[in-house]
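2 protein chains.
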Amino acid sequence: MEKKLVEVCFTPDDYDYFKGRFDIVVVIDVLRATSAICSAIDNGVSSVIPVPTVEEAKSYQDNGYLAGAERQGQIVDGFDFGNSPYSYMNPKLKGKDIVLSTTNGTRAINIAKDAPTVVIGSLINLESLVKWLLKENKNVLCLCSGWKGNFNLEDTICAGAIAHDLLATGKYSSDDDSSVAAKYLYLSSRHNYFGFLKSSSHRRRLKKLKLNKDIKYCLTPNQVNVIPILQNDKIVKLDN
Amino acid sequence: MEKKLVEVCFTPDDYDYFKGRFDIVVVIDVLRATSAICSAIDNGVSSVIPVPTVEEAKSYQDNGYLAGAERQGQIVDGFDFGNSPYSYMNPKLKGKDIVLSTTNGTRAINIAKDAPTVVIGSLINLESLVKWLLKENKNVLCLCSGWKGNFNLEDTICAGAIAHDLLATGKYSSDDDSSVAAKYLYLSSRHNYFGFLKSSSHRRRLKKLKLNKDIKYCLTPNQVNVIPILQNDKIVKLDN
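Which chain is which? The protein sequence lines are A and B, in order. The numbering of the first sequence is the numbering used here, which starts it at 1 and goes up by one. The numbering of the second sequence is the numbering used here, which starts it at 241 and goes up by one.
Worth double-checking, as some hints may not be accurate.
Unchecked claim - Subject to a maximum C-alpha distance of 27 Å in a straight line, what follows is the list of computed DSSO-like cross-link-like pairs (lysine-lysine):
#  : chain 1 : residue 1 : chain 2 : residue 2
1  : B       : Lys-336   : A       : Lys-3
2  : A       : Lys-3     : B       : Lys-388
3  : B       : Lys-371   : A       : Lys-113
4  : A       : Lys-131   : A       : Lys-3
5  : A       : Lys-198   : B       : Lys-411
6  : B       : Lys-447   : A       : Lys-198
7  : A       : Lys-208   : A       : Lys-234
8  : A       : Lys-3     : B       : Lys-438
9  : A       : Lys-210   : B       : Lys-243
10 : A       : Lys-198   : B       : Lys-259
11 : B       : Lys-411   : A       : Lys-208
12 : A       : Lys-19    : B       : Lys-388
13 : B       : Lys-378   : A       : Lys-4
14 : A       : Lys-3     : B       : Lys-371
15 : B       : Lys-244   : B       : Lys-371
16 : B       : Lys-243   : A       : Lys-198
17 : A       : Lys-171   : B       : Lys-371
18 : B       : Lys-438   : A       : Lys-4
Derived by calculation from the structure, the hints in this document are not laboratory data. Model, not experiment: these values are computed from the prediction.
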């Protein structure tokens, strides 16, 4: 039986090279957009509408939606929330459609949206996601959101964890060096994500903003079982 | 005393983000252009003129130069050599100016050429290069040539080795996640480059072309002491 592919794309800027070859794209923005989306969907939010620009988020807000926008790690003035996962645990959001625009994560979702299937990955839904991917048995691309077009460690490690777990079954293969590197970075870090990422630029950035509680949450694997999936431009809960 | 920076840029496509902030750019194309250039300069070649296109190499050849051109890992028809380091050990090349165009390496050299200082790095001149960089005590960017614009493992590991050795002195710091990742990939691979790179796409590509001897040479550290440096568009031996 021919093996399925699992590859890792480091940044949305590299996506063109991978585009069109994968049935499932897993979008990853560990700190913090895709962790927050997993948290929101787990909390019963009806859908998250990802929009690339603050202006679009504002226009939804003007039409009565609850809307979040984050830039440079902080809530944009005038919005209801940013991308702290804790904001999305608010019981008032249950059953609501909410709108979100973030620096990197929603851009990556937007870039991938023509893929047959786009799901949301993070460390907090890692195990459930891998189980579902194995069941689907299709070609998988892990698309890291990066930081403003550049490589980042935490997304790569999460992508490496997914690649590692799929490859370990013997049913998948990887061709690209980025996937091999991601797998090794995961293996180097898996016993202590928090320590390993001490030197990551994004963690230092968020620490300055006093977001250590958020970081700890986002780096703690397997806290939720949901798989958020993009359907008709909205991220909803996959019935799996 | 303020620390100097050492950073790793994964591909020439990412260079814009780093451009202008570094005194020294080390261009790395382990398999095989920069290894071949080190080998040539060590063998007494007077200079290597790197040109980005095959047409330019041809035009030099028409003017009486010995010229090499490599595409897809193979010597381009009509040229004197490709980028096998062994071609450059020929005693007939001593004292000659030669011309070289390769898929990735000469493109990276060309992109970096406006930097104050551009030197050629590889595993085969690693130790001498690091010693010289430490003596210079300036901001260093390791520019990996990648593979057609994409990340590759062997260049990243070589860049990681340089970054690791400079950081270990306590006189340098790194800010970017790409540098942290390169350092960890070096630490994961340093006891067995050949084994670690078994899964690299480039190594598989060259193996298909029966270039295992070249690969072994290029992955064996510290075989030469030269530091090739770009001066007036020619790569010559640095008197150090």
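Consistency of the hints with the structure:
no.	hint	in the structure
1	Lys-336(B) - Lys-3(A)	violated, 50 Å
2	Lys-3(A) - Lys-388(B)	holds, 25 Å
3	Lys-371(B) - Lys-113(A)	violated, 49 Å
4	Lys-131(A) - Lys-3(A)	holds, 17 Å
5	Lys-198(A) - Lys-411(B)	holds, 19 Å
6	Lys-447(B) - Lys-198(A)	violated, 38 Å
7	Lys-208(A) - Lys-234(A)	violated, 32 Å
8	Lys-3(A) - Lys-438(B)	holds, 19 Å
9	Lys-210(A) - Lys-243(B)	holds, 26 Å
10	Lys-198(A) - Lys-259(B)	holds, 26 Å
11	Lys-411(B) - Lys-208(A)	holds, 24 Å
12	Lys-19(A) - Lys-388(B)	holds, 16 Å
13	Lys-378(B) - Lys-4(A)	violated, 46 Å
14	Lys-3(A) - Lys-371(B)	violated, 46 Å
15	Lys-244(B) - Lys-371(B)	holds, 15 Å
16	Lys-243(B) - Lys-198(A)	holds, 19 Å
17	Lys-171(A) - Lys-371(B)	violated, 46 Å
18	Lys-438(B) - Lys-4(A)	holds, 20 Å
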